[in-house]
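Spelled out from the first residue to the last, the chains are:
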Amino acid sequence: MSADSTPSKETANPAVDGSELIRFDHVTKRFGTNTVLDSLDFTVSSGKHVTLIGPSGSGKTTILRLLMTLLKPDEGTIKVGGQYLTHEEKGGKLVPAGEKHTREVRKNIGMVFQQFNLFPNMKVLRNITEAPVHVLGLSKDEAEERARGLLDLVGLTEHIDKYPTQLSGGQQQRVAIARALAMRPQVLLLDEVTSALDPELVAGVLDVLRDIAHTTDITMLCVTHEMNFARDISDDVLMFDAGRVIESGSPEKIFTEPEHERTREFLSAVL
Amino acid sequence: MNTWSWDYVGEIMPQLLEGLWITVQATILGSLVAFALGLVWALALRSPVRWLTWPVSAVVEFIRNTPLLVQLFFLFFVLPSWGVTFGPLTTGVIGLGLHYSTYTAEVYRAGIDAVPAGQWEAATALSLPRRRTWTAVILPQAFRRVVPALGNYVIAMFKDTPMLSAITVGDMLFQANSIGATTFDYMEPITMVGILFIVISYPTSLLLRALERRLVR
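Protein chains in written order, with UniProt numbering: chain A, 1 to 271; chain X, 1 to 217.
Everything labelled a hint here was simulated from the structure, so no lab data went into it. Bear in mind that the values here come from a model prediction, so they are computed numbers and not experimental data. Any given hint could turn out to be false.
Unchecked claim - Interface residues of chain A toward chain X, partial, derived using beta-carbon atoms under 7 Å:
no. : residue
1   : 68
2   : 70
3   : 72
4   : 84
5   : 103
6   : 111
7   : 115
8   : 117
9   : 121
10  : 123
11  : 134
12  : 137
Unchecked claim - Sample of chain A residues with no beta-carbon within 10 Å of chain X, all distances over it, derived:
no. : residue
13  : 69
14  : 131
15  : 148
16  : 214
17  : 228
18  : 267
C-beta atoms are modelled at their ideal positions from N, C-alpha and C, and glycine is treated no differently.
Whole structure, please, built from the sequences with the hints as guidance.
Spelled out as structure tokens, the structure:
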């Protein structure tokens, strides 16, 4: 594996053949009496960029949080790269996964949050090297070289020695993207990554993500209200309503000739 | 009524300063015990293991809700009858440290709770091990938030040290009392004790406020 820190075709994903990478099987998630996801089935193929759209409360963010194991499904199973995420097989039976199993599967997934969630007590460089050193076991030098490459990719090389609070929201979010990519995940989850940004800072972040989408084979799952961005980078768009996928297809199809009435209503409200 | 005598003050100052040094020692050592034990309580109370949280919570509540002086007497006069004997200063440090650890535990709890949920989520998303999440992400941020509150407890503990004179620790009040007992003149020694306390605690609290402004931006 080269020390080159840009997530390149050969390192980002060993199996980019369009095979199934993520599978939700009858996944139900409730908060109290409110059913957010209702026996949801869907799959994402390796290397695809999938955008989840739909009204707020339709369960889009819940899907990302389930994949990141920030939430546990009430029913159903999730598979990533053929392995169960929150379950493991023991003696032919499916039992809730131990911490170690979940950690192993989860290493393949990275996430960028709406509120950036950088570690404010660490400088930019250490925000990016912390996990590669302490999770992947990279040496400090290897991790820093990787981090420098990623900071170059997101255009923040000169801010390497600053603390997150010294950066603008857009810059912080680009650091957060670099931090997630430093783990070389197969899947990158993007949870409304521009929603907390001042309007003039949105473009810089989206440009970086476009760049990553077009130059790497990383699989992306994206929840966004930026419909132009969704149209640009997506292979597939899934329209959610009330915890179910009501329509899916290429961005051209969904954005220009949606079949479902709810999709038409939603798009006319946001476009 | 006696009149104030600066000569008398000059004569007794060395003994009072000796007492002050003991007072400062008791405060510093007591604080270190309180900082360390408080963190132990705070982390134990967050444990998912019920057989750990329940007894710790009982002990902490018990210590927090009984008077420090009673605890000092217990450590100094009752424990020896079970064969456990410490010197007066050691007993004082343990007593102050133990008592104040129940307050610092609460400070740490609040500090840890104040770290945003997003920090835990980011640590999970990066698969940071639990231990590393605590030591590298959560506690450093919590400590920043708790420094002012911990400092206030140090000042409070400093002002509680005269209680140690009741278990024969040679602190400032103890020295002033023994001076008064021989000269039958309490005005200067007791007044000077009060002055020496404010000379130390007031600037310290100003310093803390400055520190607080720096840390909480």
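Consistency of the hints with the structure:
1. The closest approach between the C-beta of residue 68(A) and any C-beta of chain X is roughly 5 Å, which is under the 7 Å cut-off, so the hint is satisfied.
2. A hinted interface residue such as residue 70(A) counts as satisfied when its beta carbon comes closer than 7 Å to some beta carbon of chain X; here the least separation is about 5 Å, so the hint holds.
3. Because the closest C-beta pair between residue 72(A) and chain X is about 12 Å apart, greater than 7 Å, the hint is violated.
4. Given hint, residue 84(A) at the interface with chain X, is violated; its Cβ is 17 Å from that chain's nearest Cβ, farther than 7 Å.
5. Proximity of residue 103(A) to chain X holds as hinted, the smallest CB-CB distance being about 5 Å (cut-off 7 Å).
6. Annotation: residue 111(A) was flagged as interfacial toward chain X, and the flag holds, the nearest CB pair being 4 Å apart, inside 7 Å.
7. Because the closest C-beta pair between residue 115(A) and chain X is about 5 Å apart, less than 7 Å, the hint holds.
8. Because the closest C-beta pair between residue 117(A) and chain X is about 4 Å apart, less than 7 Å, the hint holds.
9. Interface hint status for residue 121(A): upheld, as the beta-carbon distance to the closest one in chain X is roughly 4 Å, under 7 Å.
10. Contact between residue 123(A) and chain X, as hinted, is not supported at the beta carbon level, the nearest pair being about 13 Å apart and thus beyond 7 Å.
11. Hint status for residue 134(A) relative to chain X: holds, with the closest Cβ pair at about 5 Å, below 7 Å.
12. Nearest Cβ of chain X to the Cβ of residue 137(A): about 12 Å, over the 7 Å cut. The hint is violated.
13. Consistency note on residue 69(A): stated as away from chain X, yet its beta-carbon is not over 10 Å from all of that chain's, at 7 Å minimum.
14. Separation of residue 131(A) from chain X is inadequate, the least Cβ-Cβ distance of about 4 Å not exceeding the 10 Å criterion.
15. Every CB of chain X is more than 10 Å from the CB of residue 148(A) (nearest about 18 Å), matching its label as outside the interface.
16. Non-interface status of residue 214(A) relative to chain X is upheld: no Cβ of that chain comes within 10 Å, the nearest being about 24 Å off.
17. No Cβ of chain X comes within 10 Å of the Cβ of residue 228(A); the nearest lies about 27 Å off, and the non-interface call holds.
18. The Cβ of residue 267(A) sits about 30 Å from the closest Cβ of chain X, beyond the 10 Å cut-off, so the non-interface label holds.
Hints 3, 4, 10, 12, 13 and 14, counting from the list given before, are not met by this structure.
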